[in-house]
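Novice: What follows is the residue order along each chain.
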Amino acid sequence: MADKKKKNLPPKAQSYQAFQKQRESKRPILMNCLKAFFVGGFICFIGQCITTLYIHFFDFTEQTAGNPTVATLIFITMLLTGFGFYDRIGQFAGAGSAVPVTGFGNAVISAAIEHRTEGFVLGVGGNMFKLAGSVILFGVFSAFVIALIKTILIQWGGL
Amino acid sequence: MTFLWAFIVGGFICVIGQLLFDICKLTPGHTLSILVVAGAILDGFGLYEPLIDFAGAGATVPITSFGNSLVHGAMAEAEKHGIIGVLTGMFEVTSSGISAAIIFGMIGALIFKPKG
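So the sequences go chain by chain: A and B. Counting in our numbering, the first sequence runs without a single skipped number right up to 168 at its last residue. Counting in our numbering, the second sequence runs without a single skipped number right up to 443 at its last residue.
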């Protein structure tokens with residue numbers, strides 16, 4: 010789509026596009042990946058510690074312990090977001106802090122805190138899922154389609 | 328041993344996200360949506376469950392597990408009630424993540440003041 014748009018531009022603009030692309034600063038991909046790997050891995054490691062706690066002390070099985078773990082991580086995220094630490098981690102780690110469920114929590118909670126000045130109903134209520142809404146929408150819709158296909162195959166296809 | 332695998336698998340999923348950021352130049356919103364859909368598709372083929380058994384929190388903490396547990400809830404209910412169950416069971420497993428986000432978001436908005 011981007012290429013189609015470029016064809017319609019006047020030649021001067023095209024040469025500018027090429028010039029801009031040349032001057033664009035290169036992203037340190039390897040370094041970013043390493044940071045994302047270690048921070049993301051560390052968050053999952055903490056998650057594993059919490060999971061182990063729940064299995065040993067609260068009678069959860071390995072299958073069900075994921076749910077309270079996620080809730081606990083989001084609680085920790087609330088504290089980190091509220092005190093302004095999560096932004097700094099996010100700047101350093103990129104996807105390492107966005108991909109774990111803490112990133113989802115951060116998107117919801119920071120939107121809630123940020124729009125508080127607009128009032129609780131229209132500000133907090135209306136903007137809470139501004140960023141995280143797309144994740145829920147596409148997750149639910151794709152899960153619906155997949156589960157529907159699978160159910161139909163199992164029930165009438167005899168899979 | 329699960330601790331090490333949780334670290335490696337979780338880190339690896341984050342690297343995939345970082346590559347989508349940097350090489351494909353996608354916004355975080357697009358990247359997370361793609362990862363959620365990927366998790367749902369993987370569970371559709373029955374591949375996500377073995378990963379959870381193997382890596383523990385390394386597979387349940389990244390956002391991909393959100394798609395996985397949505398499909399899981401829908402399928403569990405669909406076995407009992409047929410097609411209708413796909414709708415009614417959708418949030419059965421995921422409810423903790425979403426409700427935690429909403430509840431703590433509200434509490435955070437009550438306690439903390441926005442900065443800057």
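Do not rely on the hints blindly, as some may be mistaken.
Said to hold, decoys possible - Just a few of them, taken from the derived set where beta-carbon distance is under 7 Å, the chain A residues facing chain B:
1) 49
2) 97
3) 99
4) 101
5) 131
Stated by the list, open to error - Interface residues of chain B toward chain A, partial, derived using beta-carbon atoms under 10 Å:
6) 334
7) 337
8) 349
9) 364
10) 366
11) 374
12) 377
13) 379
14) 380
15) 402
16) 409
17) 416
As the list claims (entries may be wrong) - Which bits of chain A does chain B cover? Going by a derived footprint, with three or more residues having C-beta under 8 Å, they are:
18) 18-26
19) 31-42
20) 56-69
21) 73-84
22) 132-145
If you are wondering where the hints come from, they were derived from the structure by calculation, not from laboratory data. No residue lacks a Cβ here, since even glycine has one placed at the ideal position from N, Cα and C.
Novice: Are the hints correct? Go through all of them and say.
Specialist: Tested hints:
Interface hint status for residue 49 of chain A: upheld, as the beta-carbon distance to the closest one in chain B is roughly 3 Å, under 7 Å. Taken as an interface hint, residue 97 of chain A does not check out: its beta carbon lies about 12 Å from the nearest beta carbon of chain B, beyond 7 Å. Interface hint at residue 99 of chain A: violated, since its Cβ lies 9 Å from the closest Cβ of chain B, which is beyond the 7 Å cut-off. Checking residue 101 of chain A against chain B: minimum C-beta separation of about 12 Å lies over 7 Å; hint violated.
Because the smallest distance between the Cβ of residue 131 of chain A and any Cβ of chain B comes to about 13 Å, over 7 Å, the interface hint for this residue is violated. At its closest, the beta carbon of residue 334 of chain B sits 4 Å from a beta carbon of chain A; the interface hint therefore holds under the 10 Å criterion. The interface hint given for residue 337 of chain B is met, as the beta carbon of that residue sits about 3 Å from the closest beta carbon of chain A, less than 10 Å. Restraint check, residue 349 of chain B versus chain A: the minimum CB separation of about 5 Å is within 10 Å; hint holds.
Nearest Cβ of chain A to the Cβ of residue 364 of chain B: about 4 Å, under the 10 Å cut. The hint holds. Against a cut-off of 10 Å between C-beta atoms, the interface hint on residue 366 of chain B holds, since the closest Cβ of chain A lies about 8 Å away. Nearest Cβ of chain A to the Cβ of residue 374 of chain B: about 12 Å, over the 10 Å cut. The hint is violated. This hint is violated: residue 377 of chain B has a C-beta 13 Å from the nearest C-beta of chain A, more than the 10 Å allowed.
Against a cut-off of 10 Å between C-beta atoms, the interface hint on residue 379 of chain B holds, since the closest Cβ of chain A lies about 7 Å away. A cut of 10 Å between beta carbons decides the hint on residue 380 of chain B: the least distance to chain A is about 8 Å, and the hint holds. With 10 Å as the threshold, the beta carbon of residue 402 of chain B comes within range of chain A, its nearest partner Cβ sitting at about 5 Å, so the hint holds. Nearest Cβ of chain A to the Cβ of residue 409 of chain B: about 7 Å, under the 10 Å cut. The hint holds.
With a least beta-carbon distance of about 8 Å to chain A, the hint placing residue 416 of chain B at the interface is held under the 10 Å criterion. Proximity of the segment 18-26 of chain A to chain B, defined as three or more residues with a beta carbon under 8 Å from a beta carbon of that chain, is not established by the 0 residues found. Under the rule that three or more residues need a Cβ within less than 8 Å of chain B, the assignment of the segment 31-42 of chain A holds, with 4 such residues. Beta-carbon proximity to chain B at under 8 Å applies to 5 residues in the segment 56-69 of chain A; the threshold of 3 is reached and the given coverage holds.
Given a C-beta distance limit of less than 8 Å, the hint that chain B covers the segment 73-84 of chain A holds, as 9 residues qualify and 3 suffice. Chain B is given as covering the segment 132-145 of chain A, and this holds because 7 residues of the stretch bring a CB closer than 8 Å to a CB of that chain, at least three being needed.
Checked against the numbered hints above, the structure violates hints 2, 3, 4, 5, 11, 12 and 18; every other hint is satisfied.
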